[in-house]
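> Sequence:
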Amino acid sequence: MTKKDDFRIVFMGTPEFGGIVLEEIIKNGYNVIGVFSQPDKPKGRGRKVEPTYVKSIALKYGIPVFQPKSVSKGEGFETLVKLNPNIIITAAFGKILRKNVLEYPEKGCWNVHASLLPKYRGAAPIQRAIENGEKETGITIYKMAEALDAGDIAIQKAIPIEINDNLGAVYNKLVVLAKEIIIEFLEKFDSLTLVSQDDSLATYAEKITSEDLKVNFNWDAIKVHNKIRAYDPIPGVSCEIRGEIVKLFGSELVENYSKKEEIPYENGTIFDKDNTGIYVKCENGIVKIKEIQFPNKRKITTIDAINGRKLNIGDRFVSA
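UniProt numbering puts the first residue of the sequence shown at 1, with every later residue one more than the last.
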């Protein structure tokens with residue numbers, strides 16, 4: 001059995017997901033000798049440069065951080081060689097590692113990926129799984145190869161996606177699972193049996209574009225619902241109402257509406273409300289929307305919007 005001291009880990013990651021995985025490794029007593037992260041970027045309205053989440057975790061524990069433009073060449077690769085890790089672990093790093101890096105550590109390079117590979121290889125696996133109405137997703141740790149997310153699988157576990165789970169809810173489940181699975185991976189490292197991915201079953205989670213963030217109420221209700229929840233709480237999907245571009249959040253699929261046959265409105269119309277949200281007609285169904293964001297404003301509940309006369313029964317959402 002591999003001991004904790006047998007690992008000389010270099011960790012590579014950038015956003016919160018990577019930072020949470022990194023901190024779990026550190027808290028469990030594993031030897032992280034260095035961390036690579038993408039360059040710091042300005043954030044927020046003040047455009048203040050802030051450290052990446054992974055960098056902030058590394059600094060918290062006194063671990064040296066490196067942010068080269070590339071890990072695979074020049075100063076970045078030279079730094080890696082000086083550190084001399086025997087294993088590299090990545091989680092949401094956001095940079096491609098070339099062959100020289102992948103072959104450098106004797107125990108290999110391993111990625112913590114938020115999907116059930118070979119499904120949803122690529123940049124946005126959580127959002128695409130929800131958007132496509134998947135009933136489950138999960139975490140896969142695999143040995144990295146040159147092809148994108150195509151290496152042999154070391155360990156994989158699933159979590160359910162409930163019908164009204166949004167991005168935030170699914171992400172939170174995956175974070176808990178990632179913390180569990182990374183430690184199991186390290187504890188069982190010497191006894192793991194790798195399983196090749198079936199490339200014929202691969203799907204790709206393409207990078208999110210501005211077109212992905214638009215919703216059309218002429219779609220079936222389930223498609224509208226999946227679209228809204230896939231990008232909730234951030235960045236939110238957009239449509240137009242009363243001449244303003246708004247973002248919608250808090251979608252709930254309405255499956256048992258007692259007056260379903262009495263809706264004479266066009267798709268996209270707000271036709272009813274209760275104390276938690278507004279009811280909107282879609283093709284072949286209904287969604288309830290609980291929150292809305294008007295231009296340059298904070299999110300508010302749709303009931304507050306109704307009470308403040310920012311929305312009315314009979315108003316209609318149209319494509320932006």
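I should point out that these hints are in silico values taken from the structure, not numbers from a laboratory.
There may be inaccurate statements among the hints.
Dumping the calculated SDA-like pairs for lysine to any residue here, alpha-carbon to alpha-carbon at most 25 Å [stated by the list, open to error]:
id, residue 1, residue 2
1, LYS43, LYS214
2, LYS223, ASP315
3, LYS3, ILE26
4, LYS297, ASN307
> When the hints from earlier in the document are held up against this structure, which numbers fail?
none
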